[in-house]
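What follows is the residue order along each chain.
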Amino acid sequence: MAELTLQNVSKSFDNQPILSDINLSVGNEEFVSVLGPSGSGKSTLFNLIGGLYQPNQGEITLDGDTITGTRGSISYMPQSPSLFPWRTIVENVMLGSEIIGKTDKRAALSMLDRAGLSGYENAYPHQLSGGMKQRAAFVRSLLSPQPLICLDEPFSALDEFTRLEMQKWLLDLWSEHKRSVLFVTHNIEESLFLSDRVVVLSERPATVQREFQVPFPRPREESLLLSEEMLRWKREIYQELKGTIQ
Amino acid sequence: MVIILLFILWESASRVFEIPEWLIPSPSQVWEEGIAGWAVYNHHLYSTILLTVTGFLIGSSVGIIVAILLHVIPIFRNMFYPLIIFSQNIPIIVLAPLLVIWFGFGMLPKLIIITLVCFFPIAVSTMDGLRQTSTELLHYMKMAGATKRQTFWKLEWPHALPSLFSGLKISATYSVMGAVISEWLGAKEGIGVYMTLASSSFRTDRVFVAIFLIMLLSLLFFALITLIEKRVVAWKTKGVETNG
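As given, the protein sequences belong to chains H and W, one line each in that order.
Residue numbers for the first sequence follow this note's numbering, so the first one is 9 and each next one is one higher.
Residue numbers for the second sequence follow this note's numbering, so the first one is 308 and each next one is one higher.
Chain W with its partners taken away, still in its complex shape:
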């Protein structure tokens, strides 16, 4: 609702004040370009989706593996935890050109950027989920004679899944941003490239198309993860109303 209201406000403002198209295009103009320009940008879109999904998969796998390693081996935790936080303080904007210098314009530097952006929320949330396992349940597992492996797979891992998914959701939206940023640095195609080309040629309508595409992509990605979460963590919502 608020979004629709905002659009109406924007549309009428650009008509009433006769704002030139190259400065801020009206929503209707953006919409028209979005429809008409499909043939122009669709290959950019596919390329970005591919990059985002690949980067996200690698990033989340790295995040999960790091979280498990740090959880299972406590010495690693003390050693590497500060390093992980440091890795998040490196400004991506600065790091990205360096990566291009080191690894060229191919997929690799882009995937590294997305992985860097993605893995942190996932690693931290998974680690927290693992660490916050109920002590009562842990005590039961010990008394029942469970091995470390059993305790992990039967208790700690399922316990961490809800927080793992919150990490995945955050990373899903980050990964789209990561992909676009990495494309700015130099790529043959992608929304990032489309955006750079559009803004350098004052096609503001196309810049807005790109912005909306990025938002839409993030939203879709987020929705997809939420859908998977509902299936995997079904016990959370099931039968809450029959509580008693």
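Extracted from the complex, chain H is given alone in its bound form:
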């Protein structure tokens, strides 16, 4: 079980409001994307959920417990892979669980195998390609014991082809190891392809502009990306986002 809720969360820096009155929830085993123009405070949102900042207002709860300002209650995958260069891949993917408590090397190895990284367990991060590093970083967040995973634009640095590969791979792995996911992105197509629900943030100060329930059934195929329906949804969200910028 993992249900994240943000209630009336506001945050400002130096009297500059960044987030204002954010209401957001992620249900159990739900995949929610947060979509917003760049600089809309998406990182601030994550830092609040991660407990790095205290909100000026509002409350964040996970399964009913207040986690406002508490670190370590979510599992996190940053924008860059952030693997530790002196740790081998298997040591890297166990880091998240190592910080919280017990590690399970066998689980780590089998997950790496599942992620297509077998044979690289004892390699160092610099020996891997960009996509492989991202996969390792995702495995690390999956192996962390927390029930909610926050992903911060994880594929934004990858090229188009690798990104599509990674999206399909992510869906595959997620359908096997269901977790609640909060996925931040600025890519409309990505948010539609991956998630159950898309939350559109407005420009600064960011607030929840609109929510879309994504109607596509799972499992989702690549062909979905070129379907008429996808285009229609893309257009609608695009209009919505454009409205926020003007």
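Because the hints were derived from the structure by calculation, they are not lab data.
Every value quoted in this text rests on a predicted model; they were computed, and no experiment measured them.
A hint or two may mislead.
Under the rule of at most 27 Å between Cα atoms (straight-line distance), these lysine-lysine pairs were calculated in the DSSO-like manner [as the list claims (entries may be wrong)]:
#1 Lys543/W to Lys476/W
#2 Lys461/W to Lys449/W
#3 Lys455/W to Lys543/W
#4 Lys113/H to Lys455/W
#5 Lys186/H to Lys242/H
#6 Lys543/W to Lys461/W
#7 Lys186/H to Lys449/W
#8 Lys543/W to Lys113/H
#9 Lys461/W to Lys110/H
#10 Lys461/W to Lys476/W
#11 Lys176/H to Lys113/H
#12 Lys476/W to Lys113/H
#13 Lys176/H to Lys186/H
#14 Lys449/W to Lys113/H
#15 Lys455/W to Lys110/H
#16 Lys242/H to Lys176/H
#17 Lys186/H to Lys113/H
#18 Lys186/H to Lys250/H
#19 Lys537/W to Lys449/W
#20 Lys461/W to Lys537/W
#21 Lys110/H to Lys449/W
Got chain H sorted already, so can you dock chain W onto it with the hints?
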């Protein structure tokens, strides 16, 4: 190669111009004295090695501990950083006789000198290594809920190791110099003593033997640290060629 060429040049120059031995001995004469005089200087060598290693160990431990303290407690950093730099501006040549006055001719003043010489490069490089820890990785550690202690041992410390080793390498060569200088001030044995005795009795060949011994010792020490570094920071070099 260049070294061999230099030696040949030196050897032929001293033969062609017939430079007297007490002024500048030829390399072959230095070499002969180096071999023949082993029995004369070997106990000096051991004494210097012992002094250097002890001083280096103490100096580097102090350096590392100071670096960690200053890194972990930011107030200390502002308070003591200028002091550390000042400590390096004290001329050792001036300080050394004072230390002898205060602490006598035993090991203590010598160890203090070597420690003073050693600890600065190590403290500064370790501190820089700790401070330059990638902000991305620090952010990950915070988001993952790592404690300060975990962040230090799992992230900052391993991150600082390569720069710590550059500090150690610099200090390794300094420590030999430090040991010799401290021996000049008054010691029963050591390369420094051997050198002073040799130069005051115009045994220039022995002075050169001492110079080469010091160079060799520094080199060996440096090589030893490099060897340890390769083992400890193995991830840096491993598998670079398979990058892709």
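For each hint, the structure was consulted:
Distance hint between Lys543/W and Lys476/W is fulfilled; the C-alpha atoms sit about 17 Å from each other, no more than 27 Å. Between Lys461/W and Lys449/W, the direct Cα distance comes to roughly 12 Å. Compliance with the 27 Å bound is thereby established for this hinted pair. A hinted pair counts as satisfied when its Cα atoms are at most 27 Å apart, and Lys455/W with Lys543/W qualifies at roughly 25 Å. With a C-alpha separation of about 25 Å, the suggested pair Lys113/H and Lys455/W falls inside the 27 Å cut-off, and the hint holds.
Taking the CA atoms of Lys186/H and Lys242/H, the gap is near 26 Å; set against the 27 Å cutoff, the hint holds. Using a Cα cut-off of 27 Å, the hinted pair Lys543/W and Lys461/W holds, with the two alpha carbons roughly 17 Å apart. Proximity of Lys186/H to Lys449/W is assessed by CA-CA distance (about 25 Å); at most 27 Å being required, the pair is judged to hold. For the hint linking Lys543/W to Lys113/H, the alpha-carbon distance of about 24 Å falls within 27 Å, and the restraint holds.
For the hint linking Lys461/W to Lys110/H, the alpha-carbon distance of about 15 Å falls within 27 Å, and the restraint holds. A C-alpha spacing of about 24 Å is found between Lys461/W and Lys476/W, which places the hinted pair at or below 27 Å, so the restraint holds. For the hint linking Lys176/H to Lys113/H, the alpha-carbon distance of about 26 Å falls within 27 Å, and the restraint holds. At most 27 Å may separate the alpha-carbon atoms for a hinted pair to count; Lys476/W and Lys113/H exceed this at roughly 37 Å.
Restraint check: the Cα-Cα separation between Lys176/H and Lys186/H comes to about 15 Å, which is no more than 27 Å; the hinted pair holds. Taken as a hint, the Lys449/W and Lys113/H pair is honoured in the structure, with Cα atoms around 23 Å apart against an allowance of 27 Å. Among the hinted pairs, Lys455/W with Lys110/H is consistent with the structure: their alpha-carbon atoms are about 18 Å apart, no more than 27 Å. Only pairs whose Cα atoms come within 27 Å are accepted, and Lys242/H paired with Lys176/H is accepted, the gap being roughly 19 Å.
Among the hinted pairs, Lys186/H with Lys113/H is consistent with the structure: their alpha-carbon atoms are about 20 Å apart, no more than 27 Å. Among the hinted pairs, Lys186/H with Lys250/H is inconsistent with the structure: their alpha-carbon atoms are about 33 Å apart, more than 27 Å. About 30 Å separates the Cα atoms of Lys537/W and Lys449/W, which puts this hinted pair outside 27 Å; it is violated. Using a Cα cut-off of 27 Å, the hinted pair Lys461/W and Lys537/W holds, with the two alpha carbons roughly 20 Å apart.
As the CA atoms of Lys110/H and Lys449/W are separated by approximately 18 Å, the hinted pair is consistent with the 27 Å bound.
Comparing the model with each earlier hint shows violations of hints 12, 18 and 19; every other hint is respected.
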